[in-house]
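A.B. asks: Read top to bottom, the protein sequences are chains A, B, C and D.
Sequence positions in the first sequence follow UniProt numbering and run 1 to 424.
Sequence positions in the second sequence follow UniProt numbering and run 1 to 424.
Sequence positions in the third sequence follow UniProt numbering and run 1 to 424.
Sequence positions in the fourth sequence follow UniProt numbering and run 1 to 424.
Bear in mind the hints are in silico, worked out from the structure with no lab data behind them.
One thing to keep in mind: the hints can contain errors.
[Unchecked claim] No more than 27 Å apart at the CA atoms, straight line, and that leaves these computed lysine-lysine pairs for DSSO-like:
(1) A:Lys238 <-> A:Lys270
(2) A:Lys17 <-> C:Lys188
(3) C:Lys409 <-> B:Lys242
(4) D:Lys101 <-> D:Lys188
(5) C:Lys188 <-> C:Lys168
(6) C:Lys149 <-> B:Lys242
(7) A:Lys270 <-> D:Lys418
(8) B:Lys188 <-> C:Lys22
(9) B:Lys39 <-> C:Lys149
(10) D:Lys270 <-> C:Lys146
(11) A:Lys188 <-> D:Lys409
(12) C:Lys39 <-> B:Lys188
(13) C:Lys242 <-> C:Lys149
(14) B:Lys188 <-> B:Lys270
(15) B:Lys149 <-> B:Lys39
(16) C:Lys149 <-> D:Lys188
(17) C:Lys136 <-> C:Lys146
(18) B:Lys146 <-> B:Lys39
(19) B:Lys270 <-> C:Lys149
Everything numeric in this text was worked out from a predicted model, so none of it was measured.
Protein chains: 4
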Amino acid sequence: MQLDRSVIDGHNQQRIKEHQRKFEFVSADVANLDEVLQKLTAFNIAIPSWALGTGGTRFGRFSGGGEPRNLEEKIEDVGLLHALNRSSGAISLHIPWDIPKDYKATRELAAQYGIQFDAVNSNTFQDQPGQALSYKFGSLHHVDPKVRKQAVEHNIEVIRHGVELGSKALTVWLADGSSFPGQLNFRKAFQRTLESLQEIYQALHADWKMLIEYKAFEPSFYSTTIGDWGQSFTLANKLGPKAYTLVDLGHHLANANIEQIVSLLLMEGKLGGFHFNDSKYADDDLTAGSIKPYQLFLIFNELVEGMDARGMDHATGLGWMIDASHNLKDPLEDLMQSVEAIKIAYAQALIVDRDALNTAQEQNDVTQCQEILQQAFRTDVRPLVAQARMTAGGALDPVQLFREAGIRKTLIGSRGEKTVATGL
Amino acid sequence: MQLDRSVIDGHNQQRIKEHQRKFEFVSADVANLDEVLQKLTAFNIAIPSWALGTGGTRFGRFSGGGEPRNLEEKIEDVGLLHALNRSSGAISLHIPWDIPKDYKATRELAAQYGIQFDAVNSNTFQDQPGQALSYKFGSLHHVDPKVRKQAVEHNIEVIRHGVELGSKALTVWLADGSSFPGQLNFRKAFQRTLESLQEIYQALHADWKMLIEYKAFEPSFYSTTIGDWGQSFTLANKLGPKAYTLVDLGHHLANANIEQIVSLLLMEGKLGGFHFNDSKYADDDLTAGSIKPYQLFLIFNELVEGMDARGMDHATGLGWMIDASHNLKDPLEDLMQSVEAIKIAYAQALIVDRDALNTAQEQNDVTQCQEILQQAFRTDVRPLVAQARMTAGGALDPVQLFREAGIRKTLIGSRGEKTVATGL
Amino acid sequence: MQLDRSVIDGHNQQRIKEHQRKFEFVSADVANLDEVLQKLTAFNIAIPSWALGTGGTRFGRFSGGGEPRNLEEKIEDVGLLHALNRSSGAISLHIPWDIPKDYKATRELAAQYGIQFDAVNSNTFQDQPGQALSYKFGSLHHVDPKVRKQAVEHNIEVIRHGVELGSKALTVWLADGSSFPGQLNFRKAFQRTLESLQEIYQALHADWKMLIEYKAFEPSFYSTTIGDWGQSFTLANKLGPKAYTLVDLGHHLANANIEQIVSLLLMEGKLGGFHFNDSKYADDDLTAGSIKPYQLFLIFNELVEGMDARGMDHATGLGWMIDASHNLKDPLEDLMQSVEAIKIAYAQALIVDRDALNTAQEQNDVTQCQEILQQAFRTDVRPLVAQARMTAGGALDPVQLFREAGIRKTLIGSRGEKTVATGL
Amino acid sequence: MQLDRSVIDGHNQQRIKEHQRKFEFVSADVANLDEVLQKLTAFNIAIPSWALGTGGTRFGRFSGGGEPRNLEEKIEDVGLLHALNRSSGAISLHIPWDIPKDYKATRELAAQYGIQFDAVNSNTFQDQPGQALSYKFGSLHHVDPKVRKQAVEHNIEVIRHGVELGSKALTVWLADGSSFPGQLNFRKAFQRTLESLQEIYQALHADWKMLIEYKAFEPSFYSTTIGDWGQSFTLANKLGPKAYTLVDLGHHLANANIEQIVSLLLMEGKLGGFHFNDSKYADDDLTAGSIKPYQLFLIFNELVEGMDARGMDHATGLGWMIDASHNLKDPLEDLMQSVEAIKIAYAQALIVDRDALNTAQEQNDVTQCQEILQQAFRTDVRPLVAQARMTAGGALDPVQLFREAGIRKTLIGSRGEKTVATGL
């Protein structure tokens with residue numbers, strides 16, 4: 001289904017007066033209003049194809065209905081999101097779950113919805129039916145060169161698909177690691193990983209990036225071969241200028257200061273992209289901003305500061321993507337809540353009084369530094385986000401419109417009650 | 001397959017001389033040698049039926065071969081373990097994965113292998129095909145009384161199966177919780193859980209126990225309705241004398257002092273049983289003793305001290321069970337390594353010089369307290385464990401005999417390469 | 001110094017127009033505005049006497065200037081805070097740091113500032129000069145009955161001081177624990193603690209409460225004898241109706257769900273009070289709301305819900321206190337930031353649409369539950385808090401007035417640059 | 001006091017027979033016995049001068065008696081340790097706590113006890129009396145260039161002292177960080193730190209190393225400017241070949257895989273040294289091996305493997321040092337327990353069957369990998385450590401001899417009951 005423009009207009013019409021009151025109130029205090037609105041409008045967060053269905057845990061999965069059954073329906077779902085919030089104009093594919101059968105048709109379908117193809121993702125953490133060699137004991141770090149070769153070739157194939165669709169980046173997340181002391185020679189595993197990545201790097205086009213994720217644990221429960229930012233950063237340095245570190249918010253040990261990591265990677269020119277989600281305990285993959293919204297703001301505070309210091313364009317300088325799992329909520333509602341939380345954090349970061357903050361920092365005026373950040377965070381910036389969205393053609397309240405318009409019901413009608421999207 | 005006695009004898013014959021040398025050496029320093037050997041011999045750890053196949057994570061599962069395809073083959077596997085280590089003489093069933101078709105035949109099969117039926121486990125964390133109402137939002141804590149009723153009846157049915165097989169306990173582990181702030185009214189959820197448990201409690205026979213697990217997180221990622229020992233203990237107190245707390249080593253927040261919890265629950269007469277496993281990050285369900293063997297010893301140190309203080313029989317006073325997941329190793333090898341680690345920790349705890357420890361504690365002689373515990377832990381007690389095992393008819397080195405005898409190969413031959421056991 | 005009323009009026013005059021604009025905007029959407037303002041006005045948070053000076057870590061302390069040199073100056077400081085924010089109308093004394101020399105004069109001084117005496121705190125975690133027996137190895141749990149007796153008597157003496165000043169509660173925080181495995185018999189330590197507390201409990205007046213803190217670790221690094229809410233709750237149950245659990249936000253293992261603990265303690269009628277602070281890693285004792293403001297809101301959400309369910313008065317039903325350490329900021333500024341953050345969280349909790357939340361919870365509408373909580377949290381309630389403060393005679397912006405009025409400078413002038421307040 | 005050789009001989013005489021029985025038993029199974037004994041004999045762990053007195057927490061300090069009152073007595077204490085265990089032949093000084101008054105006399109005194117001067121440590125985490133500028137807001141990362149200059153000069157002065165005493169390394173641990181979001185510009189702080197370190201690096205002699213510590217938190221509670229191995233490693237890379245990372249076991253986030261970090265730093269040629277201690281919750285600075293002895297073994301397993309792979313000499317390739325705090329135990333007893341635990345872990349690592357481990361790793365035989373490591377860890381290697389110690393002239397049981405000989409009593413006699421050593 002494609003959302004009729006009139007549905008959005010009708011929704012906005014009903015809310016416009018109340019919205020205007022709020023927007024006028026908050027914008028009165030925003031010195032750089034035009035800049036903020038322009039940047040909010042330009043900001044897009046890619047939707048991963050695997051986040052459009054209900055996720056699960058190792059204990060089970062409770063599917064909802066109307067999940068997309070194929071790549072076309074996934075693009076349709078992202079199109080719906082983008083129509084509603086005007087900030088989800090890209091999809092990130094996961095191979096082999098989303099191998100396009102006809103590149104041209106796929107590109108055209110996406111274009112119809114205003115959707116671009118973000119980073120493509122390889123998958124060497126599962127065995128696929130008919131796969132020659134198993135990834136049970138890893139892929140790019142594997143002791144067996146034949147397994148490494150298979151994994152390298154898979155990544156190169158993923159790049160090929162991406163090239164056809166117009167992607168400009170390959171995201172590599174490896175489950176490679178060990179679950180028991182002694183299982184792995186850490187050093188050799190790291191070096192084999194480097195060599196494998198070098199082979200993949202050779203296949204990267206000149207205008208592509210390789211985004212290297214790190215993760216502290218899960219599914220490996222003793223060590224992960226690319227386990228923290230230091231390891232990813234070391235690999236990115238050895239690989240070359242097209243290699244970058246990708247930060248997933250849920251991939252750290254408890255209490256890690258992620259905003260500091262972000263700042264330092266930007267300083268070194270090696271931050272490549274972001275996977276948004278939230279978590280309380282481990283890699284819980286919850287809705288962005290649902291548990292630690294202040295941390296999300298602090299991260300954006302560093303992103304804005306650091307990108308500006310390097311003269312980077314906010315919208316295109318880094319890869320922005322959601323990577324969450326929707327076990328209990330409707331996936332589309334959950335994604336809209338994530339996008340909203342991310343844009344709120346971004347808006348708050350944009351209104352931080354940077355000159356005042358710099359001055360307070362130079363004076364070690366800790367009280368004042370806190371006042372300045374909290375002033376931005378405590379401001380209700382939702383009307384700014386809504387204004388940017390409405391101006392771009394989106395809905396003032398995407399989640400409520402999704403419900404009012406009975407979109408899930410329509411999807412169930414067309415796709416069925418018992419569909420299960422490919423993915424986790 | 002049933003392991004021929006002669007195979008074990010042959011294996012032991014080859015190792016007996018070397019074993020004797022070691023046993024004599026270590027036993028020379030053990031004042032209470034007979035008691036230690038007797039207790040080690042009497043000690044049995046139940047094997048959960050779901051641990052006999054390869055486990056997985058939410059990212060995938062890499063099955064091995066020759067996994068048991070039904071309850072009979074699970075009993076066969078536990079029988080093999082027990083023949084090898086003489087400490088796995090019980091199986092813990094999980095309903096509905098292991099519903100016996102013929103109680104009498106099942107009992108007889110188990111008896112053939114010297115296997116008893118330990119606590120039976122209910123499952124309300126997954127939906128089964130054809131199930132009327134979903135557990136997506138919980139079971140015993142559910143807002144809908146019809147779902148609670150379904151879950152209560154399932155538990156009562158599990159008790160019925162257990163009664164037929166000679167079990168004496170019901171283990172209740174609930175995934176009930178919430179993944180987002182606001183989702184749940186904690187208080188009401190707790191009270192509904194209590195009421196549901198009370199209904200199940202009514203169905204318990206006089207000589208049965210109800211073992212109530214707690215878990216900090218996963219699969220719920222914001223709150224778990226029975227989330228820590230204090231919550232389980234409060235429920236057990238309200239339920240009555242047949243209700244107890246069950247401690248699973250992986251179900252705590254990081255750094256929790258589990259040994260102190262064990263000690264206090266024993267003090268209050270409310271420790272009911274144990275699920276052994278090990279972990280580095282979360283509920284990793286690794287082989288017992290593979291990550292923190294000293295913690296395992298410290299827990300046994302409290303168990304021995306606390307059970308002795310109450311005059312409890314070590315072998316029967318509490319329910320002992322492994323609850324691990326074998327993602328990378330052969331499940332049977334993994335279980336043998338777990339049982340060995342548990343018995344080593346138990347043996348170390350048995351040789352602690354308790355009088356000296358009490359004296360040092362009374363004198364706040366912290367150095368000496370540490371010396372006494374480390375003296376026990378650093379002692380190589382493996383010959384004691386092996387001696388008890390051999391005397392009971394088991395193998396001196398179960399893992400190596402499992403390999404020498406080609407047991408997995410035989411199982412694959414009879415069951416096939418591509419079997420997948422029911423379970424997680 | 002006592003802040004002249006005209007100073008506050010002048011400050012408010014300058015800001016009143018801008019304030020009014022904001023207050024009108026936000027109050028337009030608050031259905032229960034009068035109730036919210038009335039409750040915010042009634043809400044007071046006690047200031048601990050030891051938080052008025054610069055705190056330190058084990059690595060050192062960097063004192064500021066003008067710290068209070070005695071109890072009178074501490075009362076003066078709290079008086080200043082209260083004059084500015086009208087929400088700090090109580091002081092919590094720590095014996096022996098704050099032994100009054102003349103009860104009547106102390107009471108009168110406090111009354112002059114509108115200050116009441118909140119819970120009194122005992123100190124058995126340090127040795128005082130001339131103390132007969134050492135608390136090196138604990139106090140109420142000590143193996144030596146003479147040490148326990150000394151500690152019991154100290155607590156009873158603290159009660160006596162409190163009675164003279166009009167306090168109604170004794171807060172007991174014990175550092176008792178162990179730093180090495182084996183050092184302590186957990187069970188005996190717990191039972192000795194219970195017996196000691198029973199002796200103190202006997203000395204409690206009928207209208208007094210005993211507030212029992214728990215803490216996971218520090219300064220004991222292996223076990224703490226009252227280590228978690230379950231242990232405190234068990235003691236409170238055994239002691240009787242005057243004994244309650246006190247929750248300090250920094251005293252938990254990482255990732256603990258404190259709001260759930262709060263809810264359950266309220267359910268059981270055993271929540272007695274609160275120590276506010278914030279932390280990222282351990283018991284960091286940072287400014288309330290400076291790290292995890294959403295968690296603070298979620299806790300207040302449970303407090304409001306739970307107190308209302310029991311018909312408790314918000315202002316008097318529980319003991320509210322700050323317990324932070326100000327290592328880098330001016331202590332008074334830091335305290336004002338804490339009080340502001342606490343009142344913001346409280347205001348947000350007061351405007352949660354409870355009927356809608358209940359309905360969404362009953363329907364397992366997780367998306368909507370989150371929308372409802374975030375609607376409250378994202379609202380900029382600062383004008384509500386400011387309005388209540390101004391109406392009660394306080395300043396619209398306490399921190400800025402503190403700076404404009406040069407209060408610290410005045411204090412340094414009268415007290416000196418190199419004063420060091422008693423405390424940690 | 002200097003321990004009379006005859007005291008040790010007498011002690012050993014009494015135990016020699018029992019020792020021999022045990023040594024013969026265990027050495028029968030050690031293929032590389034001579035190598036193990038030789039390496040254990042050569043292995044020395046430096047004692048930090050500040051660990052010779054009772055440590056404290058922010059809540060207080062409970063001093064023992066007979067603590068060293070000056071540098072001479074600290075050397076005397078290390079001399080006593082070394083006489084007892086023959087593995088403490090070096091002292092690590094902390095400036096300004098241990099500024100030698102007379103280099104020659106100090107060197108001669110140390111030589112008398114067979115003590116060498118290990119890495120010298122600077123201190124910019126405290127303000128010293130009379131210090132011109134404060135380190136309240138950091139030192140090498142400070143916003144004020146004058147503070148940075150003062151800190152740089154202090155470090156250079158520390159090097160000068162070290163040169164006079166024969167040290168070959170400067171250890172830099174910085175408390176620099178922030179306790180509140182916004183306080184610090186992470187990027188600028190990092191770059192200022194780099195520049196300051198570069199200035200210090202210039203002053204390093206050709207045969208010196210700079211060892212750069214990292215620490216996740218404390219005393220800074222929001223960010224630490226050198227917060228993890230990745231940050232230290234990045235600095236070391238930018239500084240040059242004389243700069244290395246130093247790993248302190250207590251300076252990580254919970255659950256960090258330290259052994260992997262060690263392996264990768266060795267791989268990169270940037271591991272410089274080690275600070276041993278143990279911890280359960282944070283930087284608890286407990287006795288090495290008292291909480292997680294298996295982790296200590298796993299770290300040594302990587303150290304041995306990694307140093308051998310680079311052909312490094314175990315005894316001199318890295319800097320080995322204890323960095324613990326002795327709050328409850330006699331400091332000298334505590335240090336002896338630490339050294340013993342470290343040598344046990346080292347001995348266990350030395351007897352790992354590396355060829356078999358390599359083979360098992362190459363075959364992904366996870367069960368066997370675990371068997372091999374556990375075989376080494378479960379072996380009671382204490383007789384090997386004791387043999388090496390005795391051969392070198394030390395005591396078979398240092399802690400017991402320390403007690404039998406009444407050494408502490410003698411020290412109290414000569415130094416007094418109420419001495420407090422400089423340090424934390």
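A.B. asks: Given the hint that Lys242 of chain C pairs with Lys149 of chain C, does the C-alpha gap stay at or below 27 Å?
C.D. replies: 21 Å, holds
A.B. asks: Taking 27 Å as the top limit, are the C-alpha atoms of Lys270 of chain B and Lys149 of chain C close enough?
C.D. replies: Violated, because 31 Å separates the two Cα atoms, which is more than 27 Å.
A.B. asks: Can the restraint linking Lys39 of chain B and Lys149 of chain C be considered satisfied, given a maximum Cα separation of 27 Å?
C.D. replies: The hint is violated at about 41 Å.
A.B. asks: Take a quick look at whether Lys188 of chain B and Lys22 of chain C sit within 27 Å of each other, Cα to Cα.
C.D. replies: 38 Å, violated
A.B. asks: Take the C-alpha atoms of Lys270 of chain A and Lys418 of chain D, compute the straight-line distance between them, and say whether it is at most 27 Å.
C.D. replies: 55 Å, violated
A.B. asks: CA of Lys101 of chain D to CA of Lys188 of chain D, is that 27 Å or under?
C.D. replies: 38 Å, violated
A.B. asks: Straight-line Cα separation of Lys146 of chain B and Lys39 of chain B no greater than 27 Å?
C.D. replies: 47 Å, violated
A.B. asks: Lys149 of chain C and Lys188 of chain D: Cα distance at most 27 Å?
C.D. replies: 55 Å, violated
A.B. asks: Would you check the hint for Lys238 of chain A and Lys270 of chain A, treating anything up to 27 Å between C-alpha atoms as holding?
C.D. replies: Holds. Lys238 of chain A to Lys270 of chain A sits at ~12 Å (cutoff 27 Å).
A.B. asks: Would you check the hint for Lys136 of chain C and Lys146 of chain C, treating anything up to 27 Å between C-alpha atoms as holding?
C.D. replies: 14 Å, holds
A.B. asks: Is the straight-line distance between the alpha-carbon of Lys149 of chain C and that of Lys242 of chain B 27 Å or less?
C.D. replies: Judged against 27 Å, a Cα distance of about 38 Å means the pair is violated.
A.B. asks: Hey, Lys270 of chain D versus Lys146 of chain C, does the alpha-carbon distance stay inside 27 Å?
C.D. replies: 55 Å, violated
Of the numbered hints given earlier, the model fails hints 2, 3, 4, 5, 6, 7, 8, 9, 10, 11, 15, 16, 18, 19; all others are met.
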